[in-house]
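Protein sequences appear in the order of chains A and B. Heads up: the first sequence is residues 1 to 129, going by this note's numbering. Heads up: the second sequence is residues 1001 to 1232, going by this note's numbering.
Simulated from the structure, these hints should not be mistaken for lab results. The reader is advised that the hints may include incorrect statements.
[To be verified] Restraint-style ranges between C-beta atoms, simulated for each label pair:
hint	chain 1	residue 1	chain 2	residue 2	range
1	B	His1019	A	Asp92	39 to 47 Å
2	B	Ser1025	A	Glu88	29 to 37 Å
3	A	Asp33	B	Ser1207	40 to 48 Å
4	A	Lys123	B	Asn1036	25 to 33 Å
5	B	Arg1116	A	Glu80	33 to 41 Å
6	A	Glu88	B	Arg1116	51 to 59 Å
Here a beta-carbon is modelled for each residue, glycine too, at the ideal position from N, C-alpha and C.
One letter stands for each residue in the lines below.
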Amino acid sequence: MSQLDYDKSKAIYKQIIEDFQKQLIRGTLNPGDKIPSQRDYALKVSVNPNTVQRAYQELERIGLTETIRGQGTFVKANTEMISAIRQEMADDILDRFFGEMNSLGYSQQQITEILNRRLMEMKGAITND
Amino acid sequence: MIEFDHVGKRFGNVQALDHLNLQFSPGKIIGLFGPNGAGKSTAMKMIAGLNQPDSGHVLVDGQKPRQSRDKIAFLPEIDYLYGWWTLKQAADFMRSFYADWDDNKYTELLGFLNLREDMKIGKISKGQRAKCKLLLTVSRRAPYLLLDEPLSGIDILTREEIINTLIRDFREGEQTIIISTHEINDVESLVDEVFFIDQGRIVVSGSAEELRMTKGLSLVEIMKEAFRNVQQ
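Turn these sequences into a full structure, and let the hints guide you.
Structure (structure tokens):
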């Protein structure tokens, strides 16, 4: 797993779970892969072992991993679960985006315009490369 | 479990601990945070049996601290090692003194911390001396590990080494680590439970993760908020 660059004002165990989910989505972790032991992971990210334990328990509870006695912890998630998680995380981002834009007083029309402009700019940046 | 029940302690006209009530639950890494002079060291020494309350009482697993010294490995803030000792001599001293000394652990951590037995305590850097103190404390298999300001005045890389040593060595369920510091930023991710102490009293306490979740703040920010409220 990658180095965790966590936000100190949010629960760390949740950020460990999110990091794990993102790795599944990006494909840097795949079904059947072995993940580090709790101790190794705690050391790698310099996080309290009890916090890592809580995150690992949660991953197992929601069915993303399974621990096989004497062998370690493995990714159990299948492609269907992974795409559901991807959708869910994208929805969360969109909910936050629309919530914040609403609080700034942007109408749906204005949001559409901003998004279209941004997308055009991004396209331009890519073709200019 | 370690309990403080209405503990008071006065030095001259300074009230170091003021009816202090707290419970350190076992199996956790606990942060005792507060500014200089808040009472952290006084509380730590009291757990180690090195000073006595004027009022109230302190219990370690139901016993008085002086009767439970073999359960506690204490890393004091001061330099207690002789300058003319080599690290090996210091380790020999500890080995002869404590029945729970673990030679395998000592040898393993010696390498992990990049220390050598022939190093002379008086001739090494402050960071290396801090690592020696840590090594000598952690090499005991004591159920309670008390670390008084283990990070103060030490460079960032050494601080990371110290923190990683604690994570590496932490025996979940059977060990309790209490770490007092005012450098909270360094131990944000290390501690389970936190106690913010000021003027000998607990200002805020709780699980680090719950506090982050309910307040949406880092521990450093929570401390600033708590101490602002105290001063007003």
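Just tell me: holds or violated, for the beta carbon distance of arginine 1116(B) and glutamate 80(A) against 33 to 41 Å? 55 Å, violated
Is 39 to 47 Å a correct range for the gap between the Cβ atoms of histidine 1019(B) and aspartate 92(A)? 46 Å, holds
Range agreement (Cβ of serine 1207(B) with Cβ of aspartate 33(A), hint 40 to 48 Å): 31 Å, violated
Outcome for the supplied range 29 to 37 Å, where the beta carbon pair is serine 1025(B) and glutamate 88(A): 35 Å, holds
Whether the CB-CB distance between glutamate 88(A) and arginine 1116(B) falls inside 51 to 59 Å: 53 Å, holds
Does the Cβ distance between lysine 123(A) and asparagine 1036(B) fall inside 25 to 33 Å? 57 Å, violated
In terms of the numbered hints stated before, the structure departs from hints 3, 4, 5, listed from lowest to highest.
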